[in-house]
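> Chain residues, written in single-letter form:
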Amino acid sequence: MNTRSKLFVPLVAILLGFVLGAAILIATHRSPIDMFYAMLQSVSGKNLRADTFNPRYIGEFVVQSMPIMLTGLSVGFAFRTGLFNIGAEGQLMMGSIAAVGAGLWIQAPPVIHVILVLLAAMLAGGIWGAIPGYFKARFNVHEVVVTIMLNYVALFLNNWAIVEVFKSVDRIKTPPIPPTALLKSDLLAQLTNGSRLNWGFIPVLLSILVYWFIIEKTTFGFSLRAVGFNKDGAQYAGMKVNRNIVSSMVIAGAFAGLAGAVITVGTFSFGRALPAAEGYGFDGIAVALVGGNAAIGVFFSGLLFGMLKAAQPLMQSQGIPKEIASIIQASIVLFIAMKLGIEYLMKKLKPRKAVTEEVES
Amino acid sequence: MKKNFVRAFCAFALASVAFAGSTKVGFVTDVGGIDDKSFNQSTWEGIKRFGQENNLTQGKEIKYLQSTAEADYVPNLSTLADEGMDLVVASGFLFESSMGEVAGKYPKQKFLIIDSVVKDKAGKTLPNVANAVFAEHEGSFLVGVAAGLKAKADKKNMVGFVGGMQFPLIEKFQAGFEQGVHAVNPGCKVLVDYAGTFSDPGKGQALAAKQYGAGAYIVFQAAGGTGNGVIKEAKERTQKGDVRWAIGVDKDQYNDGVYAPGKSAVLTSMMKRVDVAAHDVSAMVRDGKFPGGEVLVFSLKNKGVSIPGTNPNLPADITKKIAEYEAQIASGKLKVSEVPAKQ
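Quick mapping for you: the protein sequence lines, in order, are chains A and B. Under the working numbering, the residue at position 328 of the first sequence is numbered 378, and the numbers go up by one with no gaps. Under the working numbering, the residue at position 9 of the second sequence is numbered 39, and the numbers go up by one with no gaps.
If you are wondering where the hints come from, they were derived from the structure by calculation, not from laboratory data.
What follows is a list of derived Cβ distance ranges for each label pair:
| no. | chain 1 | residue 1 | chain 2 | residue 2 | range |
| --- | --- | --- | --- | --- | --- |
| 1 | B | 269 | A | 397 | 55 to 61 angstroms |
| 2 | B | 138 | A | 326 | 34 to 40 angstroms |
| 3 | A | 279 | B | 88 | 53 to 59 angstroms |
| 4 | A | 329 | B | 354 | 47 to 53 angstroms |
| 5 | B | 98 | A | 398 | 35 to 41 angstroms |
| 6 | A | 76 | B | 332 | 43 to 49 angstroms |
| 7 | B | 345 | A | 81 | 51 to 57 angstroms |
| 8 | B | 90 | A | 399 | 39 to 45 angstroms |
| 9 | B | 134 | A | 160 | 21 to 27 angstroms |
| 10 | A | 326 | B | 147 | 21 to 27 angstroms |
| 11 | B | 134 | A | 199 | 40 to 46 angstroms |
| 12 | A | 350 | B | 343 | 54 to 60 angstroms |
Idealized CB from N, CA, C, for every residue including glycine.
My request is simple: use the sequences and hints to build the entire structure.
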């Protein structure tokens, strides 16, 4: 029952989310069919109406999915230890700053340089995650407050660093990062008709594996989960609760930091000043929630929300406002939060026959 | 037949242009959105006007795609190019690198960038991109003259400037404004603040409150959505009897400053006619005269920047003075610097 509902609730929630989105489209005299065609085209590259195929859409779909999978892992990992990491956005920006620094200042051969960039980003994100972790462990300051505030600190630190540290000429982007430090690939771009698809999917997939391994297969992961289930119980069992809280936030921050690198040296090739936060961290919360904070769940829900993002140009081109995707995303999260309600309905609706039979016998 | 289409998607996209009679124009907004009361909205108004003149259907022959994050710029531009629009327009210097990237991938697609110049690595413009830039410092000079004279007339000695993010582009507004104020009112102090964002009206209002509190009588905002907060603060103060003025940007913002019937807190506006740029280049594409690789400068001379035709809040002597300066700048007799004087 429990494992079945773990899969069932998100699927029902997703279904309801799309039904709601479609209902709003019908109510506003637009065609939900257009929406589904656009979504199909964004994941398959195939335009069923014109019968054309353009693999660029597949590439962009993967590009949109990668960072939110990582921020999803970040939020999910902290969640497993009972922590709510709203700070993935800030950790991501710190990762991005570190990636720019490592890209511009270090000189190294091609593959090694990229790896150094990714490690630097993970380190920076990890440190940024360690701060709320430490405050939580040492002074019991709620991590939600600290992480939200650190998001702003990271945003302004980023914009300051772009101009003052990396000497941006136009004040919006740094000098180009050398090709040795980039995840970009001509081969992948050619395969997908000039999309921005890049090697970023390798660290993303590795992260999902690492997440699964730590959480499910190690004693460290077990003790993290134990802290998440019951802090006092874990303490009583002799686990180092405070240390676990800090380590959990460090690892969560490292995932988000990696997302910053994937965006900066994968999607782009320079550091950017940001007028406002871009929402990758908040998308990560949705991804983690829908994915049930499990590695494989985050993978699939990352693809789902990546699709909603990647379908944007096609949907808007069909006259479907971009807000519809936000409505679908938000309502899926809402329906997930109504988990108990869905389970209750399931129980009520489905096995009625079995129950009545039992009563009769 | 169908399979041929599949294999030659790009060819199809281009071919569809050939047998479509009308000129299709697609527009990509930046993260500010289509209703930003600023240049995204103005650009789209220019394209809509072009659409009305040529009986184009909105959503088919003219359409826009909004961006949520900077990572959306490239896919949005590419999608419009794939769909075979005759002209793909983007507004704002934030598009500079993504437009360069996409223009390289679609060498036969015509693009227009407003507010920036797209260059390749060798520093040359691209043959398939038209660039429209504005002489913001010239228009800002005129509203500076208006502010300087209005302050003088009401015996005030301080005005202010609130910018969005501090880039050379926004500094052109500041530079022109300061020169305009000092040309007619040399002793007048000009406060300068940058909000660091174009999309936070709350921050704009806070900065306006700070400047008005310090004694600024008139504040010129060049801050997009952030600037709406400046106008709001001017309105609220004036309503309470503490008369202050705001100067609008990009469009005639008189109506945004209305706080009572027939009364607006917006003194005048520095109109940057991005709509004219979008409309005119669309028309050039229709007539087969696409100015690819060229840099079109919209200045006071060709009315690319200007103050509104009617300014109910400006007395006739001030508008007369502004017209004199306008003529001098347009004829090249008076040069306005693009860079603010170092403090």
